Amino acid sequence: MSFSLPKRRSEQDFSEAHPVYSHHDALAEARRCLFCFDAPCIKACPTAIDVPTFIRKIAEGNVRGAAKAILAATILGYSCGRVCPDEVLCAGSCVLKDFPKPVIQIARLQRYATETLVREGRRFFSPAAKTGKKVALIGAGPASLACAHELRLLGHEAVLFEKRQFPGGLNTTGVAPYKMQADDALLEVDYIRGIGVEVRTGFEVGRDIDPLSLLREYDALFIGIGMGRDTRLHVPGESGAGVVNALEWIEEMKTTDHRALPSGVRHALVIGGGNTALDAARALCRLGVPEVTMLYRRTAQVMPGFRHELEAARLEGVRFVERAVVTEILRDGQRLSGARVRIMDEETVLPADFIVVAIGQTKWRDTPMKLPGVELNEAGEISVDPATGRTGNPQIYAGGDATPGMKLVVQAVAEGKRAAQAMHRDLLQHVKGDR
Amino acid sequence: MVDLSVNLAGIESPNPFWLASGPPTNSGDQVMRAFDLGWGGVVWKTIGDPIVNVSSRLGAVDAGDSRVVGLNNIELITDRPLAQNLREIREVKRRFPDRAVVVSLMVETKEDWREIIRRTEDTGCDGLELNFGCPHGMCERGMGSAVGQEPKVIREITAWAREFATTPVIVKLTPNVADIVEPGRAAVEGGAQALSLINTIKSLTGVDLDRFVPYPVVGDRSTPGGLCGPAVKPIALHMVGALAKDERITVPISAIGGITTWCDAAEFLALGATTVQICTAVMHYGYRIIDGLVDGLSNYLEDHSMTSVRELIGRAVPALVEWGDLDLNYRVIADIDPEKCIGCQLCVVACDDGAHQCIYVPGAEAKPGHVAPLAAQAAEKLKVNPDYRVPWVDETDCVGCNLCALVCPVPDCITMKAVETSRSFETWNDRIRRGTAFVPGGLHDSRAR
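Note that the protein sequences, when read in sequence, are chains U and L.
Following the working numbering, the numbering of the first sequence begins with 86 at its first residue and continues without gaps.
Following the working numbering, the numbering of the second sequence begins with 40 at its first residue and continues without gaps.
Because the hints were derived from the structure by calculation, they are not lab data.
Some hints here could point you the wrong way.
Just some of the chain L residues that point at chain U, by a computed CB distance under 10 Å [what the hints assert, rightly or not]:
#	residue
1	91
2	381
3	385
4	388
5	391
6	428
What you are looking at is a predicted structure, and each value in this text was computed from that prediction instead of being measured.
Heads up, the beta-carbon is just placed ideally off N, CA and C, and yes, glycines get one too.
The whole structure should be built from the sequences, with the hints applied where relevant.
Structure (structure tokens):
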């Protein structure tokens, strides 16, 4: 079974910010790599992709070998190549930063190397002999997918339970459409499923099945449920037409043909200073909104959004206002007219006919709490042992955005893989113990 | 103003930069365009009985993004009628009387040599270059390198040419020999008034791995060609130096082989060449490179207080000696500039795997008693910055091989600094003379047995 999206989706109105390299562009870029010894880019990658090796293989014309080197470390290497902020990871550590030459475009090379092979469904890895052990994974985002693939490699069965209609997590529903579109995310999910991973969508643990019964039915459990719903502003006037929550808005663009914007939007406000806020602001610019203003309650210095993303947003025309707190959404009858904003203690009214709220997501407090031994930290994240991803319950593991750490696809992959390897050790011990 | 003019066996040239015999000197139109831009002389593409060429004709060696570091060809001598070449040579010389116009010749019999020399000199050209070098096509017909590989034949044909010629005779040598000195001496014995070298090196540049045909592909076949371009420069330098050094080579040399920049040219001049000939670089970038050649060489000479290029000729020849005359007590060690280093650690892996295991990453401990001035500093910096990657050198273990400096991608980051040793100049040959040329630990070491 394959997961099909509507043929027509609003995200298709966006063109790619960084199209895939042509063969000659990739060669020219790959040849610039110095092939450092004990390279810092490897250490900067949460999944420790052997970057110099895969780039050298591209330079030698061995694209298939390059793809295998990437996917051996990161089975989501294709989407990582498209969404990874390599500016702050591998490419950010490239030694050429101290040289009068641009750093190597590692993520773009990674996408180039994996694009064709993932599209063709070329398989490099096959499962080990069956162990008879079964693992249930809650959520079908990057952490669970990476965990499931690794479990299959090691010979275990893996079943993913996803409450949405589509697997892939934020890769499918949350990535800015000019970076990657939902069909490509699903393509990668299909590629990963090819090793024999079962994905049950529209199936919510806690609603459709009691998590405790999962614990009885399966040898281990992995929680990869990401974060919760968008946080609301809780200011007067918030409810009503013209105000959307960022992730819901992006998901709608990516999975439906609903119009992304009402007609005639001239002034859009984006509230928040994270990467989702930046994605939303850039998307609004690309949709042709003449005035896009980001309002952030603190300063650019401390904002959670990446500096390079802010720079890119500014280049696209986004106005960034620091120390701006929205106190009221103003309406002319039902129609949205603006926002009352306190900017550095001075109150002003900004006109607005579209507002995107991107001030973070709630932490999921429901499912794990019902599982014995699974505890949350103060930030509402699931507490895990950083070396194994094991929760307080030895049968339950977790990873991805639901757990502490960088909220990045590549980080989720690293955590999923790490948990799978720990489960493998534990499950095999049980096998021995059974005898 | 620096004087760049030179005189090769009586052939005057306003500067030492000549176009070598090849595609850039194929026609009068081309040569006149080159002279308009300032080239000092040309050697006209080899004339003789016209031939038939094949398609394709060239293959290349690339190094990463650097295209054509080596160029290989299977093109033969001129395919144009003799009378047309001669008419154009006459016209070029009439229009550019101050430039050197040398004509490359290749024919077979003594009568043919007599006839072609007579008709060529009738154009008013300044000299003749006998093509004893091409390693492809013509050699199968008993010409080109078939001549250049037989000292007796070189001597004989050179003598014929001298008998018939009134202008200077330059003999162009093939590098496809075991020892270049032998054919060089044969040419001089035959009466050559100058030598030019190297012609191309017999080679294959690659194989089409889909069609299983070597390059350059001619239908479903290929054949070895002659290699030129930057890749052959080290071989050419060695051969030019060997002839310049030989006491029986008493004639001037026109150097050929991978010259691309003024710096390459200056090196050949320092190793004894009077003029340099350039072909591949022009095939790659065009005649316009002459501006950088003339300008660069002039500035270099000025910076080194030379008023004439003739002061440069042969300056490095005395320093070229055999291994046994090198100073065994001279010592250099690698010096890494921590300010310039970008931390790629290519020197670390090169030294570790391919040299003498004396470059270490920050945090590694220095061996007791060894001199490693930057080891402690690197360890300190690593404590402050876990990403610190500048390596350090164990100077006690460093043998001064140069490898690290050669692989370092940052200009001037790793330099080799000479160190004072208490021991004075001593060569292996000195030790042989003194009877101290014995190194313990070998087959003949009685203590080891």
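Against the structure, the hints:
1. The beta carbon of residue 91 of chain L comes no nearer than 36 Å to any beta carbon in chain U, farther than 10 Å, and the hint placing it at the interface is violated.
2. A cut of 10 Å between beta carbons decides the hint on residue 381 of chain L: the least distance to chain U is about 4 Å, and the hint holds.
3. The beta carbon of residue 385 of chain L comes within 6 Å of a beta carbon in chain U, closer than 10 Å, and the hint placing it at the interface holds.
4. For residue 388 of chain L, the interface hint holds, since its Cβ comes within 10 Å of a Cβ in chain U; the closest pair sits about 4 Å apart.
5. Interface hint at residue 391 of chain L: satisfied, since its Cβ lies 8 Å from the closest Cβ of chain U, which is below the 10 Å cut-off.
6. For residue 428 of chain L, the interface hint holds, since its Cβ comes within 10 Å of a Cβ in chain U; the closest pair sits about 7 Å apart.
The structure shown violates just one earlier hint, number 1.
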